[in-house]
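Listed below, chain by chain, are the residues.
Number of protein chains: 2
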Amino acid sequence: MQLTDYIRTVEDFPKQGISYKDITPLLLDSKACKHAVSEIIKGLNGERITKVVGIESRGFLFGMLLANALDVGFVPIRKQGKLPAETHSQSYELEYGSDTIEIHKDAIHQGDRILLHDDLLATGGTAAAAYQLIKELKGEIVQVNFIVELDSLNGRRLLPKAKINSLIHY
Amino acid sequence: MQLTDYIRTVEDFPKQGISYKDITPLLLDSKACKHAVSEIIKGLNGERITKVVGIESRGFLFGMLLANALDVGFVPIRKQGKLPAETHSQSYELEYGSDTIEIHKDAIHQGDRILLHDDLLATGGTAAAAYQLIKELKGEIVQVNFIVELDSLNGRRLLPKAKINSLIHY
Numbered sequence: 000m001q002l003t004d005y006i007r008t009v010e011d012f013p014k015q016g017i018s019y020k021d022i023t024p025l026l027l028d029s030k031a032c033k034h035a036v037s038e039i040i041k042g043l044n045g046e047r048i049t050k051v052v053g054i055e056s057r058g059f060l061f062g063m064l065l066a067n068a069l070d071v072g073f074v075p076i077r078k079q080g081k082l083p084a085e086t087h088s089q090s091y092e093l094e095y096g097s098d099t100i101e102i103h104k105d106a107i108h109q110g111d112r113i114l115l116h117d118d119l120l121a122t123g124g125t126a127a128a129a130y131q132l133i134k135e136l137k138g139e140i141v142q143v144n145f146i147v148e149l150d151s152l153n154g155r156r157l158l159p160k161a162k163i164n165s166l167i168h169y
Numbered sequence: 000m001q002l003t004d005y006i007r008t009v010e011d012f013p014k015q016g017i018s019y020k021d022i023t024p025l026l027l028d029s030k031a032c033k034h035a036v037s038e039i040i041k042g043l044n045g046e047r048i049t050k051v052v053g054i055e056s057r058g059f060l061f062g063m064l065l066a067n068a069l070d071v072g073f074v075p076i077r078k079q080g081k082l083p084a085e086t087h088s089q090s091y092e093l094e095y096g097s098d099t100i101e102i103h104k105d106a107i108h109q110g111d112r113i114l115l116h117d118d119l120l121a122t123g124g125t126a127a128a129a130y131q132l133i134k135e136l137k138g139e140i141v142q143v144n145f146i147v148e149l150d151s152l153n154g155r156r157l158l159p160k161a162k163i164n165s166l167i168h169y
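Just so you know, the sequences run in chain order G and V.
Each residue of the first sequence is one higher than the one before, starting from 0 at the first, in the working numbering.
Each residue of the second sequence is one higher than the one before, starting from 0 at the first, in the working numbering.
A portion of the hints provided could be inaccurate.
[What the hints assert, rightly or not] Below 25 Å or equal to it, Euclidean Cα-Cα: the simulated SDA-like pairs (lysine to any residue) are:
| no. | chain 1 | residue 1 | chain 2 | residue 2 |
| --- | --- | --- | --- | --- |
| 1 | V | K30 | G | I140 |
| 2 | G | K81 | V | R7 |
| 3 | V | K41 | V | Q142 |
| 4 | G | K14 | G | E94 |
| 5 | V | K81 | G | I17 |
| 6 | V | K137 | G | D21 |
| 7 | G | K81 | V | K78 |
| 8 | G | K30 | G | N164 |
| 9 | V | K78 | G | Y95 |
I should point out that these hints are in silico values taken from the structure, not numbers from a laboratory.
Next comes chain G alone, as it looks inside the complex:
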């Protein structure tokens, strides 16, 4: 099974000149989703994971499937103001302006071994901020996983210490 068969490129979205990688055809195929989950778990090489952290909102999709397959809890990282209990916040730069994401302070503890997941690694700003949030809570980040990585944007430079596993590279 070729996972790239389930990724659709939409030109000029969200703006002129961008080739958007759309994972919705993958979501529509349950066999392909199960295959993606099993490939991600293979990529862990048996490393023990105690929690999966997924980044709002597309990181919730496979994040929950991964937590379910690994029989561990799921922790959402959300946009500012969405999590109701006490949070840690992290801001990061966008092309224009900045954005802030948050995690519940009581969601991760020292000794937790984390699989951090998002669907796409582009410039890496969000993933690096999420990485920082987990570190602040003393979680050990075993691996950072993406369905799709856009190699030309070199998002990895913002995650110099992370073990990164992406299923598909463009």
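Use these hints to put chain V onto chain G, whose structure you have.
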């Protein structure tokens, strides 16, 4: 297992006087998540489902688990401007102003039997707009499912034709 044990009430969030029902403790417990999924599937009484539709962003969480458990595809309904291909849109009223959600036009076809899922039924505006989007694409909505329903807000009045199943009522 009592699912209510995994829902945390946070007072005065997002504003004074609101008792927010927080599902993040449920997400942290993989056994409780599997139990929730199995209870939702029991509630389908064997009805055939061909696709699960989940509403951004918290409807993505159990929406994907349900699609995975039922071996069917998942269709995301997203906030305006987030889905890259051709969409149907539906606006709905909020306490102040309005909001718009969208679905990919090619995601649902006549003959599809849909389980529509979101985590929370409050006033019902979002769920009713999602219901309308699926109807426009000629999908048959077999059931609308929520983890939590706030009975006092009577969101069901906006879904008069729907079969609704909520795991937890407040």
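Going down the list of hints, with the structure as the test:
1. V:K30 to G:I140: holds, 23 Å
2. G:K81 to V:R7: holds, 15 Å
3. V:K41 to V:Q142: Roughly 12 Å separates the two Cα atoms, so the pair holds.
4. G:K14 to G:E94: holds, 13 Å
5. V:K81 to G:I17: holds, 14 Å
6. V:K137 to G:D21: holds, 23 Å
7. G:K81 to V:K78: Given pair G:K81, V:K78 holds - Cα atoms ~15 Å apart, limit 25 Å.
8. G:K30 to G:N164: holds, 21 Å
9. V:K78 to G:Y95: Judged against 25 Å, a Cα distance of about 21 Å means the pair holds.
Of the numbered hints given earlier, the model fails none.
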